[in-house]
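Anchor point for the sequence shown: position 58 equals 1015 in this note's numbering, and the numbering is continuous, going up by one each time.
Keep in mind the hints are simulated off the structure, nothing from the lab. Idealized CB from N, CA, C, for every residue including glycine. Any given hint might turn out to be false.
[Stated by the list, open to error] 27 Å max Cα-Cα, derived DSS-like pairs, lysine-lysine:
1. Lys1212 / Lys1230
2. Lys1186 / Lys1031
3. Lys1230 / Lys1186
4. Lys1212 / Lys1164
5. Lys1212 / Lys1136
6. Lys1006 / Lys1031
7. Lys1136 / Lys1006
8. Lys1006 / Lys1212
9. Lys1186 / Lys1212
10. Lys1164 / Lys1230
11. Lys1164 / Lys1186
[To be verified] Okay, the calculated beta carbon distance ranges per label pair:
12. Gly1172 / Asp1053: 21 to 27 Å
13. Gly1173 / Pro963: 25 to 31 Å
14. Gln1115 / Lys1186: 41 to 47 Å
15. His961 / Ser988: 38 to 44 Å
16. Thr1142 / Pro963: 44 to 50 Å
17. Ser1097 / Pro963: 41 to 47 Å
18. Asp1166 / Ser1034: 25 to 31 Å
19. Gln1115 / Arg978: 29 to 35 Å
20. Asp1051 / Arg1074: 28 to 34 Å
21. Asp1051 / Pro962: 33 to 39 Å
22. Ser1097 / Arg978: 40 to 46 Å
23. Thr965 / Asp986: 27 to 33 Å
24. Ser1097 / Phe1069: 27 to 33 Å
25. His961 / Gly1192: 34 to 40 Å
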Amino acid sequence: MVGHPPLTPEQVAFLEARAYRLIVPHGYDGSAAVPFVVLLHGYSSTGVKLDEYFGMSALAEARTFILATPDGLKDQSGHGYWNAGDCCDLDGTDTDDVAYLTAILDDVRLRFRIDSRRVFVIGHSNGGFLAHRVACDRASRVAAIVSLAGAQRTDIAQCEPTEPVAVLQVHGDQDEIIKYGGNTTAYPAYPGAIETIRGWATLDGCKTDSLVSAGGDLDLDMTVGTEAKKEGYQGCPRGISAELWTLRGGPHIPKLNETWGAAIYDFLIEHPKR
């Protein structure tokens, strides 16, 4: 769109080498700016598979936002992955996936009328780790993120956001792969769900004395007894939230029901840049 600088040669090279899938709802006609969501799959998955799991394409059509579902590079075993930092550079190639996602952001805003105050990132597992990394490194470009079964960087000092970012961490307390309580004894090391969201509360300037209820439980899972407990930190800057939704009894890949996509999108859309 008019007013945005062209892509750099490096960004053009990124996008020529790594095409990405884009869903533009039929309700978009360019007359008004719309939100933009980037969806990041977990290890060994794809953008299409995560889209099917989360139901985001149908939601993009219903709520009129543009959705990108890019794919990570493949490791030596042929599994897609993201380099989210110390946890996840699986092949040691040091691929700059933050730069790749920034190229996607810039490409989409050149081609469509995007609401710069409503750019969001959603990730699962390895993609959730990268969502946190993007919020750390591109805070001026991203209003809010949702991470399901991901985590913040091990060393919080490596996260230096230039401004607050609203963060929703969703995690099953019976996650058998990315442990709810974190992992500090083996590779990859990562903080637990509570430590992850407390870190963001600190970075965002919220009070960190205790997690408090952020509303009633949510039924996000088709399994009986895995309702999400909503908690958050108080005293955040206006328009910022640091929330943790704990899926009681939830595994690494919970059986999400039809309310999941709308629930996380509601969190995002309620937290635009101020």
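Quick rundown of the hints versus the structure:
1. Using a Cα cut-off of 27 Å, the hinted pair Lys1212 and Lys1230 is violated, with the two alpha carbons roughly 32 Å apart.
2. Between Lys1186 and Lys1031, the direct Cα distance comes to roughly 35 Å. Violation of the 27 Å bound is thereby established for this hinted pair.
3. With a C-alpha separation of about 26 Å, the suggested pairing of Lys1230 with Lys1186 holds against the 27 Å cut-off.
4. The straight-line distance between the Cα atoms of Lys1212 and Lys1164 is roughly 33 Å, outside the 27 Å bound, and the hint therefore fails.
5. Of the pairs offered as hints, the one joining Lys1212 and Lys1136 holds, with about 17 Å between alpha carbons and a cut-off of 27 Å not exceeded.
6. Between Lys1006 and Lys1031, the direct Cα distance comes to roughly 15 Å. Compliance with the 27 Å bound is thereby established for this hinted pair.
7. Of the supplied pair hints, the one linking Lys1136 and Lys1006 holds, its CA atoms being roughly 23 Å apart against a limit of 27 Å.
8. For the suggested pair Lys1006 and Lys1212, the alpha carbons sit about 14 Å apart, so the restraint of at most 27 Å is met.
9. Distance check on the hinted pair: Lys1186 and Lys1212 sit about 16 Å apart at the alpha-carbon level, within 27 Å; holds.
10. A hinted pair counts as satisfied when its Cα atoms are at most 27 Å apart, and Lys1164 with Lys1230 qualifies at roughly 20 Å.
11. A distance of roughly 20 Å separates the Cα atoms of Lys1164 and Lys1186; the hinted pair therefore holds under the 27 Å criterion.
12. Taken as a hint, the range 21 to 27 Å is violated for the pair Gly1172 and Asp1053, whose Cβ atoms sit roughly 38 Å apart.
13. The beta-carbon spacing between Gly1173 and Pro963, approximately 48 Å, falls outside the hinted interval of 25 to 31 Å.
14. At roughly 29 Å, the beta carbons of Gln1115 and Lys1186 sit outside the given window of 41 to 47 Å.
15. Taking the beta carbon of each, His961 and Ser988 are about 18 Å apart, not inside 38 to 44 Å as hinted.
16. Range check, Thr1142 to Pro963: Cβ separation about 48 Å, and the 44 to 50 Å hint holds.
17. Restraint check, Ser1097 to Pro963: a C-beta distance of roughly 19 Å breaks the suggested window 41 to 47 Å.
18. Between Asp1166 and Ser1034 the beta carbon distance is about 44 Å. The supplied range of 25 to 31 Å is therefore violated.
19. A hinted range of 29 to 35 Å holds for the C-beta pair Gln1115 and Arg978, which are about 30 Å apart.
20. Taking 28 to 34 Å as the suggested C-beta distance range, the pair Asp1051 and Arg1074 conforms, at roughly 32 Å.
21. A hinted range of 33 to 39 Å is violated for the C-beta pair Asp1051 and Pro962, which are about 26 Å apart.
22. At about 26 Å, the beta-carbon gap between Ser1097 and Arg978 misses the expected band of 40 to 46 Å.
23. Our hint of 27 to 33 Å for Thr965 and Asp986 holds, since their Cβ atoms are close to 29 Å apart.
24. About 20 Å separates the C-beta atoms of Ser1097 and Phe1069, a value inconsistent with the hinted range of 27 to 33 Å.
25. Separated by about 36 Å at the C-beta atoms, His961 and Gly1192 satisfy the suggested range of 34 to 40 Å.
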